[in-house]
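Protein chains: 2
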Amino acid sequence: MDAVRVNFALADGRKIVASTAVGTSLLDSAKHANVPIDAPCAGNMTCGKCRVRVVRGEVESPKNRHINDAESAQGWVLACVSTLRGDIEVEVPVEASAYQSGIRVSSSDNPREEAARTAITGILARLGHTLVEGYELREVSLSVPTLDDAQADQERLLHALAGSTGVSEERISVGIGALRVLPHALRETDFTVVATIQTESNGNLTILDVSSKNEAPLGLAIDIGTTTVSALLTDLSTGQILASGSAGNGQIRFGADVINRLIESTRAGGLERLREAIVTECLQPLVRSLVESINRRASSIVRVAVAGNTTMIHLFTGVYGNHLRLEPYVPAFFSLEGLRGSELMAEVNPDARVLLAPAVGSYVGGDITAGVLASMIGRSDSFSMLIDLGTNGEIVFGNSDFLMACACSAGPAFEGGDISCGMRATDGAIEALEIDDATMNPCYKVIGEPDQKPRGVCGSGLIDAIGELYRTGIIDARGRFQREGDRIRKDEWGSTSYIIATAEEADGAKEVALNDADIENFIRAKGSVFSAIRTILAIADMDMSVIEHIYIAGGIGSAIDIEHAVGVGMLPNIPREGYSYIGNTSLAGSYAILSASEAYDELCALANNITYVELSSMPSYMDEFVAACFLPHTDASLFSR
Amino acid sequence: MDAVRVNFALADGRKIVASTAVGTSLLDSAKHANVPIDAPCAGNMTCGKCRVRVVRGEVESPKNRHINDAESAQGWVLACVSTLRGDIEVEVPVEASAYQSGIRVSSSDNPREEAARTAITGILARLGHTLVEGYELREVSLSVPTLDDAQADQERLLHALAGSTGVSEERISVGIGALRVLPHALRETDFTVVATIQTESNGNLTILDVSSKNEAPLGLAIDIGTTTVSALLTDLSTGQILASGSAGNGQIRFGADVINRLIESTRAGGLERLREAIVTECLQPLVRSLVESINRRASSIVRVAVAGNTTMIHLFTGVYGNHLRLEPYVPAFFSLEGLRGSELMAEVNPDARVLLAPAVGSYVGGDITAGVLASMIGRSDSFSMLIDLGTNGEIVFGNSDFLMACACSAGPAFEGGDISCGMRATDGAIEALEIDDATMNPCYKVIGEPDQKPRGVCGSGLIDAIGELYRTGIIDARGRFQREGDRIRKDEWGSTSYIIATAEEADGAKEVALNDADIENFIRAKGSVFSAIRTILAIADMDMSVIEHIYIAGGIGSAIDIEHAVGVGMLPNIPREGYSYIGNTSLAGSYAILSASEAYDELCALANNITYVELSSMPSYMDEFVAACFLPHTDASLFSR
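Line order of the protein sequences matches chains F and W. Take any residue in the first sequence, count from 1 to its spot, add 217: that is its number in the working numbering. Take any residue in the second sequence, count from 1 to its spot, add 217: that is its number in the working numbering.
Don't read these hints as lab results, they were simulated from the structure. Some hints here could point you the wrong way.
The list cannot tell twin chains apart, which means a pair is met if one copy fits it or any two copies do.
Said to hold, decoys possible - Okay, derived cross-link-like pairs now, SDA-like style, lysine to any residue, Cα gap no bigger than 25 Å in a straight line:
1. Lys430 to Ala485
2. Lys280 to Ser323
3. Lys670 to Arg321
4. Lys430 to Arg484
5. Lys280 to Ala226
6. Lys430 to Asn539
7. Lys670 to Val311
8. Lys232 to Asp304
9. Lys727 to Gly665
10. Lys232 to Gly303
11. Lys232 to Arg490
Kindly generate the complete structure, drawing on both the sequences and the hints.
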């Protein structure tokens, strides 16, 4: 087996050398060397996101619609279809790792972030739950060791704490996390330290952390999304959010959707690679950044809550979940009790209690049960619907009497995954757009500083774009281009595109354009959401008119234009005042169970009461889906006002 | 800061590239890149073990007695005193990583190994303890999932186990280790698996492991020595040893003795480097090899026992132990309860209970308390002494009424550390030696196959060599050379050596010789042991004649010749039939507490009853030591028969 060397030069300055066999794909060689190259379509040449530039040596790479001749001459290739024949040097541009890179710690000075934090911390009051108890701070003064009293630090601490609490030494233990910081803390303070003490259900005490200062015990709430991971650090004694941030899910190099991740987990070492991509590459650096931003230590994180879809939670815990995608779609677990920090990740206290939001089905996970808790649809007499639009789409319908949930394989369109110019709702994303009927020129709003140029389109911008293309007759009900003009371009591959921003107008070398494949992907995604809504209502033997509230949650972003979303036939045509966008409810629910034991109990009870509907086993679903794959729908009356 | 690149070529074929600043020592650059180069003397140019060969580029390196001119011309240097000035390529010969390399799994076909295993497993009968209970194997049959019954694997298992045991589901939990193997195990067996179930003290059940086969739960006993790590894998239900092996302690590149390790732990990232050197580089590959040798999985290891000296246990658990070496010599802990596998190492079940043999002093650790248990000196009415001769020397004296323990800083001489031709008691080590009075030629026995050539001298061989050099008058009572001949050589550094084997006679490029510095190191080491024995007896107000049994344990090896050891004034001159060599009692004690709960309870009680004597605070110790630094002693009457 001949070996070739690939020298990767990353946008952040790092160099990574991969050694692999002749005939390997460039993308595979990158995956195995942990080079972050996005591959949402998992190497099917459809998304065009794995564009990299070969600057020395050559690869075998077919022509394709994502790379034009000029780009090809400069060495640009799609990594997924490039085959290695000899040693090469490759530049990986920042766009090629847009999904997985970019840990960001949010600044509390930012008013938008401040509002988001206030919305999240408000959940406890709305739920009427009180802060978790059982974590106590206590100052302990120890005798100073001498040659005649050479007791060990731990034994000295136990002795002092037993003296001051009256609890016998046998009933107090010191966690390994506390022990690892004890020697320094004692000697920074002349042997008077502040201990974080957890009272167990049997009255025994565990010392979780010690510090030289009077510092609050920390909580960590995590939402593990298929595309984005978000986290909050809280003061457990007040519920206040001390730091928050997010990062791309490093697993995206194995595919944008959960199915491709599960397939990767069946390969040799795959489960371990996926776990590393989420834990080692993503969560741990994110948590480290959060902790450092407030000058604290990871060992002070003594309670952790995690919400995520069923696949993400399997991959996070290192449990084989491939049976999720094989009939009869069985996960290894729905809920898991008794987890401790040391079993899952290094950057928290090893004895931290870790709570997982329970799942109710293979494709309705803890992110959705957490969302049901946060949206409170299970507490209301009137009928409501929670629609979570992230990489997947999940729908929960019901009221205080019953709750039904299903998932639709919307695909990653709403987070930009299988849209050639798609991206997450971060700086440079077009989040809103209008098209002038006469000139067909667009007018858009870009996330970021006022002078930020567009780099792509996020979910809300995509809905607007399709809605406007349809409204202006540029595309027809099947998504086919009907008009011609400067902004419309046909290429040699038979593909037609609408140019939102030329390469000159855009920030970067690549234009922002929607082609007919993108439009088709979007129509399938929105059809999948709408047909799921129709199907779940049909099972309840109800009509859309019963819905009083629809809560939109998830990565699609707050800029979603309901008028457009209804106009393209994605969301039900109910009175617009019934709609609310309620943000990342998975993170909000995770925050709630972190901060209040009552919230965790309520969540477990909720999960037991949600009926999971497997759409793929519903005969009517496919008919509904086909009918919904038009703009807005084959039955246009559903969307007439 | 100018950077230089060092390309290391290791004997096993690995290439490691280090990038560091001009002016760094070659040894430091190796340490930080995890290149295994032994440095028992911690870079003081005394041991001569860090010999490597610069094959491209140049370093700044002083002439020294370990490298002769011919070797120097070939590029040989001592890494510790070589300063980097530019890019270089370095060959690291196998001898330079003799201590840390070499994971070996012992074959049960080997009669010597079989005898050692029998000796260890015999300990339970000798102690009169019964095998640990609470680990039960139970076959569980689950219903097979269908679309109509898509319960998760874990919930299905709980349901089935509750049905067959009558214990309610709420009182059963599935450990994360079991969950990680559950999906495969269920589908390999048509949903009938064998679960390893632990019964908790409150009657709750924890499923620790599941398997498709009826396989015994595994136990792991570990002895973490400063130089060598040994481990046993057992069948917890029978106590049988299924596999055993050893590896060099990777920390040796930071120094042979505990003091240099503790100093390293004070440097930035040092504690983490030391923990990795023992856990990641040494224990985990060793355990993986043992588990694979019997075709089992690491997750089946559900109980672990560890013995080691106080420093090793701090470094293994990742707890800062530097205060051990600073007055008043205080460890962070003596004993630690409630540890689980996930907190310490990856290659065991995350929920495995981990027992640590408790320490009694800063320099009398769990290895010695385990040895007291195994030697049973605390159960006898007559006075006995346990002398553990490893990298350090520890002495316990007493009977069933009292036990006293102390440690002497013997230095690493008995495991070859600060002896230029010293090595561990493995293949190629001279373990016994005689010298012809007339010709001064040696006659020696080498460990290994019959044709094995000598590579160095281990502890027992060293005692013989010094004893014979003294008996034949080649050296005098102060260790100074007195005779001349072919085997005696003076070099330009003023150093005199006795050539045991010339380069031609030896296996490798380097001769085996003892120089006057080696002899001096040995005399200090043996003086330190003997003066410790005298001091501890003096504290008990007793005489050597009261000692009925002396048990010799530790890495010095079974080949120790008591006659020579008494002859050089290292061991007390009591009737020779009072002596026994009892092997690695730290590992035997670790095996005992792994296999029997009663043994752990006895060990904890023993540890509470041992009085620790800090020799450095005993005024008489220094006088005793000075008197003992002669062959055999300034008071020769102590050794007349």
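Right, here's what the structure says about each hint:
1. Lys430 to Ala485: The answer is between: 23 Å across copies meets 25 Å, while 47 Å in one copy does not.
2. Lys280 to Ser323: Answer is neither: 41 Å inside a copy and 58 Å across each miss the 25 Å cutoff.
3. Lys670 to Arg321: Classified as within; 20 Å inside a copy, 61 Å across copies.
4. Lys430 to Arg484: between (48 Å within a copy, 24 Å between copies)
5. Lys280 to Ala226: within (24 Å within a copy, 42 Å between copies)
6. Lys430 to Asn539: between (47 Å within a copy, 22 Å between copies)
7. Lys670 to Val311: within (15 Å within a copy, 59 Å between copies)
8. Lys232 to Asp304: Both: 15 Å inside a chain and 19 Å across chains, each within 25 Å.
9. Lys727 to Gly665: within (19 Å within a copy, 68 Å between copies)
10. Lys232 to Gly303: both (18 Å within a copy, 21 Å between copies)
11. Lys232 to Arg490: both (20 Å within a copy, 24 Å between copies)
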